[in-house]
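**Q** Residue numbers (our numbering), protein chains in the order written: chain Y, 867 to 1054; chain L, 867 to 1054.
Hints in this document: simulated from the structure, not taken from any laboratory. Do not rely on the hints blindly, as some may be mistaken.
Note: identical chains are not told apart, hence a pair may lie in one copy or across any two.
[As the list claims (entries may be wrong)] Capping the alpha-carbon separation at 25 Å, the derived lysine-lysine pairs in DSS-like fashion look like this:
| hint | residue 1 | residue 2 |
| --- | --- | --- |
| 1 | LYS899 | LYS999 |
| 2 | LYS871 | LYS1028 |
| 3 | LYS1032 | LYS999 |
| 4 | LYS948 | LYS879 |
| 5 | LYS871 | LYS899 |
| 6 | LYS899 | LYS879 |
| 7 | LYS1032 | LYS948 |
2 protein chains.
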Amino acid sequence: MEYLKQRIQNEGKIVSDNVLNLDSILNHQVDPKLIQQLGVEFAARFHDQEITKVLTIESSGISVAYATALALEVPLVFARRKKTLMSDNIYCERVPSFTKGIVTDIVVSSEFIQPIDRILIIDDIIANGDALKGLINIIHRSGAQLTGAGIVIEKAFQSGAKEIRKKDIRVESLVQINSLENGIIVLA
Amino acid sequence: MEYLKQRIQNEGKIVSDNVLNLDSILNHQVDPKLIQQLGVEFAARFHDQEITKVLTIESSGISVAYATALALEVPLVFARRKKTLMSDNIYCERVPSFTKGIVTDIVVSSEFIQPIDRILIIDDIIANGDALKGLINIIHRSGAQLTGAGIVIEKAFQSGAKEIRKKDIRVESLVQINSLENGIIVLA
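Modelling step: build the complete structure from the supplied sequences, incorporating the hints.
**A** Given below as structure tokens:
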């Protein structure tokens, strides 16, 4: 993941001590070859987990989750952020967004997560982990098995990933950011 | 595209004479191998256009736009539906959503579309074409060249694609839906 680290150092823009703008890599523009490599890496890390579906949440996680699902040869499901023309049978969790300062409902149709499924969650960034906790709650409610979560970038100075690992849930992050203080991106 | 047509016939759920729910194929769950084929098809149709970037709008278009960008070996930019932690230099267009009955602002950072770019727009569905018209306006304002648009499913009984083609813009759709009346999906 040295190349990803270089891209983060070169193109990440520090917005505050807590927020790193990664628009040119993950959140607004993506490099498909880089994303493909990340998907292959996640697939390799979870290849023995007999995964049946990859789950992410719109929007920034979709491309890397797609690349992972393609490598694992399983369907991709992306949770929606509100109710729009979906079936009545939905799982809905209300989650705050650290970076956006708003609360959203994340929604998955129960049709697409069945008790027989073994789910791998993929997302781009974890900070406080609210989106991930919402997805985990949805999987638990569905009766499906959660095999773990693959996250491109973990903001290790925030508590989300640590809290989730404490619940014996496997969280694999490809790059850890230890600090954004004093205008410097410190990677692990 | 016979396989895509079969999937639409088998899994599409008619919501009304105007709206087809394609959650299991495009809008909530995707089959990565199918999406990959669609991306390769779009790349083949536009291969001689010297495209430098693929542009889509979050969220349902991202996976097929990613697959197209990967096949063309160019970056993917996805327009966001509101302003959130982006640079000050943005192009913003207000567009209505036919299916959702709401108005949203679609936003692209000017950093990611330059006058030197040759842009291919990719999206999942065209109905009245409001999202596509918004993206086209953004490209025109940026000074970049628009090479055309690749759309997975065209609702041919609505006017969006026709109106855009009248402006001499190339719109390639992989499947055309001629009617959803009387509970029957009629494909071209």
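**Q** Indicate, hint by hint, whether the structure satisfies it.
**A** Now the hints, each set against the structure:
1. LYS899 <-> LYS999: Intra 29 Å, inter 29 Å, cutoff 25 Å: neither.
2. LYS871 <-> LYS1028: Close inside one copy (21 Å), not across copies (46 Å); limit 25 Å.
3. LYS1032 <-> LYS999: Answer is within: at 13 Å inside a copy they meet the 25 Å cutoff, but 48 Å across does not.
4. LYS948 <-> LYS879: Answer is between: at 20 Å across copies they meet the 25 Å cutoff, but 29 Å inside does not.
5. LYS871 <-> LYS899: within (15 Å within a copy, 29 Å between copies)
6. LYS899 <-> LYS879: within (22 Å within a copy, 35 Å between copies)
7. LYS1032 <-> LYS948: For LYS1032 and LYS948, the Cα distance exceeds 25 Å both inside one copy (29 Å) and across copies (35 Å).
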